[in-house]
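Here's the letter readout for the chains.
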Amino acid sequence: MSRSPHNRDERLQALLMPLLAIVTALILGGLLIIVSDLQVIAAFTRIPRQVAVPFTNPETEISLEEALWRHPNEVVIGDAVEVKGKQLRVVGDVRDATTQIGLDEARALYPELGPGVTIHFTFFQKPAVGLRAAWRAVRVAYVALFEGSIGNPRQMAQALAAWLRGDPSLLNRAFYPLSESLVTSTPYILTGLAVALGFRAGMFNIGAEGQYFVGGLTSVFVGYSLKGLPLWVHLPLTLLAGIVGGGLWGSIPGWLKAKTGGHEVINTIMMNYIAFALSDWLLNGPMMRPGGFRPISPEIEVSARLPRFFGGDIRFHAGFFLALVMALLVYWLLFKTTIGFELRTVGANPSAARYAGISLTRSMVLAMFLSGGLAGLAGANDITGLIYYMPNAFSAGYGFDSIALALLGRSHPLGVVLAALLFGTLRAGATRMQSVAQIPIDIISILQAMIIIFIAAPEIIRAIYRIKQRRAQEQPPEADIVEGVQA
Amino acid sequence: MAPILQLEGITKVFPGVIANDHIDLSLHQGEILALLGENGAGKSTLMNILYGLYAPTSGRISINGQEVVISGPQDAIRQGVGMVHQHFMLVPPLTVTENVMLGDELVHRGIFLDRRRAAARVREISEAYGLAVNPEAIIRTLPVGVQQRVEIIKVLYRSADILILDEPTAVLTPQEVLDLFVIIRRLVAGGKSVIFISHKLNEVMELADRVVVLRRGRKVGETTPAETTEEALATMMVGRSVSLSVDKSPARPQESVLEVSGLDVLDDRHQLAVKNVSFEVHQGEIVGLAGVQGNGQTELVEALTGMRPSISGTVRIDGHDVTNASPRQIIEHDVAYVPEDRQQDGLVLDFAVSDNLILNTYYRPPFARGIGLQRDVIDASARQLVQDFDVRTPGIDTAVGNLSGGNQQKVIVAREFNRPIQLLIASQPTRGLDVGSIEYIHSRIIAQRDGGAGVLLISSELDEVMQLADRILVMFRGELMADLPADEAGRDQLGLLMAGVSNAQAQPQPEEVSGS
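In order, the protein sequences belong to chains A and B. Under our numbering, the letters of the first sequence match residues 1 to 487, in that order. Under our numbering, the letters of the second sequence match residues 1 to 516, in that order.
Be aware that one or more of the hints could be misleading.
[Claimed, not checked] Computed, partial: chain A to chain B, Cβ under 7 Å:
| no. | residue |
| --- | --- |
| 1 | W232 |
| 2 | P298 |
| 3 | K336 |
| 4 | T337 |
| 5 | I339 |
| 6 | T345 |
| 7 | N349 |
| 8 | S351 |
| 9 | A352 |
| 10 | Y355 |
| 11 | A356 |
| 12 | G357 |
| 13 | T361 |
[Said to hold, decoys possible] Below, computed lysine to aspartate or glutamate pairings styled on DMTMM-like, alpha-carbon distance capped at 20 Å:
| no. | chain 1 | residue 1 | chain 2 | residue 2 |
| --- | --- | --- | --- | --- |
| 14 | A | K259 | B | D268 |
| 15 | B | K248 | B | D463 |
| 16 | A | K336 | B | D350 |
The hints are simulated quantities; they were obtained by calculation from the structure and are not laboratory data. Note that the structure is a prediction, hence the values are computed from the model and not measured. Cβ atoms here follow ideal geometry from the backbone N, Cα and C, with glycine treated the same way.
Starting from the given sequences, assemble the full structure and let the hints guide the process.
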C-alpha cells in the first residue's frame, strides 16, 4: 500500500545529490586549478628559454618572478638550497650569511644546472613530474582553502589544549578562519532566506541586493542619528529599521505585480538600480560623514552594535545567531501558520489560491515585504555587526548569490542555512587560497557556479555517477499506480 | 484474415505494481477496437508499450504477422503505429502544415522547408477522409475538435495504418464527438485500423466493432456491441454492478438561496459573455445549467463565485447581496464550489491530500488557532475524509497530483462537502471521470440536495443535466433560453435550445445524427 520506501529513496537522493554536486564541482575546480597553474603547465610543456636577471628582452628572456614559477629546476633568487646539510635561501644580495646564499654561489654549487637555460621535459618524458606538480597545485590550493575557511586542525587542537591549560592566547589565531566563515555566512543566510521565502510564495525576488542596500541605509541612519539610547532599545530599533526599509523596498514590486501585473523579476532588478543610485546620492549628500570626503556615512553609536563575543580581531558577532533564529522563524511561518499556507498556496497554484478565497494582492505584497525585510536585515546585520558605517561599495553581491543559495537549499530554510554556510566558507577560504596558492579568488565563483549548475541540472550528476532514477517515462501513468496498488 | 496487430501476453511490471498482466489483444484491418476500462485499469500503459514509450516486461508484439520490437515513438511510426494523444501535442502559433511536418520536414535544396508540398499533402489527406482542415490555419485559432483532426492528420501524414486514439472524446463537445465518429468510420473504410480508448460506454457501444475490457491490469472481457449492453460493460469494467441511471426522490424545493437578477458579465476579451441573466436556485433542488461550452456558463459561474466582476445586475445568496463580493466572502456564506478545471483551480497538485482538504478552510477553527495551523486536527480530519469519501490514496501526505482524476475530484468534493453548505455550485463535476466515480459524485450531489442545499449544476453533458437536475436552464450566447422543470424537458427540445432555437416546443427533430 505505502509508497514510503520510494519516499525514503527520494529523501536520500535529495541529500546525496547536493553532496555529489559539491564533490564534482571541487573535482572540476581542481582540474581548472591544474590547467591554469603555471608550474603544472611548465611541467607538462617544454619551454626552453633564457633566464635573465634583470628582465631585458621579452622575446627570449623572462623576468625573475616568472622564472621562479616556470623553472623550478633552475637555481634562481628565492630558491632554497642545501649546503652542508643546511637549508639556505638564494638571494641576490646576501645580508645574513647563516640563512642566505648568493645567486652566483648557488649556481657554482650546482653546476649541472646551466647558467640560465633550463630544459624542461614534456609530460610524456617524465609523467611523474607533471602528475606530482598537478597534485601539488591542487593540494596546496585546497589545503589553503580549508585552512582559510575552517582553520588548521593542528593549530586549532594546540590552541584548545593551551586554552585548557589556561593560556587562551593562541585561540584567536587558530579560530580566526572559522569566525570569518561564519561572519561571511550570516548575510548569505539572511538573503538566502529572503529569496527562498519569495520562491515559496511564487515571487522571484531578484532584488535582494537592492533591499540589502536599503536595509543598510535605513539601519545605519537609525544607528547614528539616535543618540543616548540603551543598547536593548537602540539595537533592536536599528535592526528593525533595516527590516522595514528592505521590506518596503521589496513590497513596491510586489504591489506593482498584484495591481498591474508588472513582472517582479523586471521590477526588482530595476529597484536594484534605484537602490544603488539612492545609496550613492545619500552617501554623497545628506548622509555623508561630516568633515569627510569619502562617500561613507557616520559611524553608528556603540549602543546600536551587535555584541561580539571574543576580543581581538575575531569579528564573530551575534548576527549569526540572529540569522539562525530567522531561519527558524521563516520555517515556522511557512509551514506552521495560516500565513505560510496562504503564501505557499499562492506560490504553488495562484489560480487555486484565488478560488480558495486567498487574496493574491495581500499575499504578493506580504511575501515581498517579508522577503525584502529579510534582505534588509542582512544589510542591517552587516552594519551593526561588522562595519558600523555605510560605505558606498556596501555589498559583496550577497543579493545575487542568494538566488543561487535559495536554489541550492531547495527553498527550505534548513537547506538555505546549509547552502549559506557552504558559500560563506568558500568565500572566506578563497582569500587565503589566493594569498598562499596564488589561485585567483574567482575560482570560488566558478566553483559556486558549477555547484549550482549541478543542482539545477541533476541529470548531469546522475549521468556521471550512474545514479538510477525511476525516470518519468519508466513510471506508470500516475493513475495506474494508485489504482494498481490495490490490486 | 490474419490480424494486422497482435499482442500476446503483454506484461508490464513497475516497482510494486503490475500495470499490465498477460494481456492478449488482436486488431484486424479495417476494424475499430474499443479498449474500455476505468482510469488506472492499464489502458494507457498498454498503449504506451505499443507506442514504444515503455518496454514490456514480457510478451510479444506482432505487426502483419511479424514479431517486432518497438523501441520508441519514431520506431512505432516507422512500423505504422500512430497515436493521437488525449492532450494535443501541437504548437499553437504555427500553422496546421507546420505542425504536421514538424519532426518530419519536407525540404528542398537541403535546408528550406517545402511548405507548399507539405500543405498539398495535408490537403490531400484532409480531403481523402473528409477532415475539412485548412492547412494554412493557425492552430491557436482552431476549435478543439479541429485541433484533434490536425493530430489525426499528423499520424496519417506519417503513413500510419494503425491509429491509437487515447480518450479522444474527453475534450470534445457532443457535436464534435459525432463529427469525430464520422471521421473514424471513414478512416476504417479507407483501410486504416483504429484502437479507440475510452471509458464512456455509450460511445463504445455506438462506434466499436469489438470491445476489450481491462480492469486492474488484466483483460477481463472481450465482446462486441451487438452481444452486450451498457450495463454489462459497466459491470465488467468496474467489477461490480453499477447503476447507470440516477436514483433520486422528487425534489422538495424550499426558500430561494441564490437569486440572480439582470446579471451582465464581460469575458476576457471584454465582450458581453453573460447578458441580462436572471434565475433562482432554491434549497432542496438541483438546477441544471445546460449549454454548449463557451456560451457564457464559465463567466456566469465565475461571477457567482467572486472570481470575475459583473458589470450590472445583482447576486444574492441567502438574502445577502454578494454582487462582486470576494471569493472568500462568498465562501463564508456557506457556498461550496466544485470548479470546472479541477487541476488548475480546485487543487494544488504539489500539495499533500491533507493540505488540499483545507484549501479554503485553513484559517478557521479547528484547523487554525490564531495563525498557527493545527496539524494534528488537520491530519485527523483528512484521514476521516479520505475514509468517508473513499479517496484511494496511499496516504494523506501523498501529493494530490499523484492521484487519478476520479480521486482528485473526490478530494475536492470531500473538502467542499465537509462543512455546512446551503449552496453548491458544481461545474462539470464529472468531466473525464470513470463510471464508478461518476456514480459516486452524483450520489453525493443528490445527498447534498436532500440535506437541504440548493445546487447549481453546470454541465456540457446533456445526459448528466437531464439525470440529475430538477429544473433545467439552457444558456445560449450568454442568454438564458429557457427555465424548464426537468421532467418536462425533452432531449431534442433541450438540444435545440442549446443551439439557440427558442420556439422549439413541438417541432419533431431527428434523433442524433449518427454517421453510420
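*With a cut-off of 7 Å, does the beta carbon of A/T361 approach a beta carbon of chain B closely enough for the hint to hold?*
This interface hint is violated because 11 Å lies over the 7 Å limit.
*Taking the closest Cβ pair, is A/K336 under 7 Å from chain B?*
It holds, given that the least Cβ distance between A/K336 and chain B is near 6 Å, below 7 Å.
*With chain B as the partner, please determine if A/I339 meets the hint condition of a C-beta pair closer than 7 Å.*
Constraint on A/I339 satisfied, holds at 6 Å.
*Taken at face value, is the distance from the CA of B/D463 to the CA of B/K248 at most 20 Å?*
The given pair, whose Cα atoms are some 15 Å apart, holds under the 20 Å limit.
*Once the shortest beta carbon distance from A/A356 to chain B is found, is it less than 7 Å?*
Result: holds, 4 Å to nearest chain B Cβ.
*Assess, step by step, whether the Cα of A/K336 is no farther than 20 Å from the Cα of B/D350, and give holds or violated.*
Holds: A/K336 and B/D350 sit about 17 Å apart, inside 20 Å.
*Distance restraint between A/K259 and B/D268, which requires alpha-carbon spacing of 20 Å or less*: Given that 20 Å is the threshold and the Cα spacing comes to 17 Å, the pair holds.
*Does the CB of A/W232 sit less than 7 Å away from some CB of chain B?*
This hint is violated: A/W232 lies away from chain B, its Cβ roughly 27 Å from the closest one there, beyond 7 Å.
_Status of the A/T345 interface restraint (C-beta, 7 Å, chain B)_ = 6 Å, holds
*Does the CB of A/N349 sit less than 7 Å away from some CB of chain B?*
With Cβ-Cβ at 4 Å, under 7 Å, it holds.
_Interface hint status, A/G357 versus chain B (Cβ within 7 Å)_ = Constraint on A/G357 satisfied, holds at 3 Å.
*Is the shortest C-beta separation between A/Y355 and chain B less than 7 Å?*
Since chain B brings a Cβ to about 5 Å from A/Y355, closer than 7 Å, the hint holds.
Comparing the model with each numbered hint stated earlier shows that hints 1, 2 and 13 do not hold.
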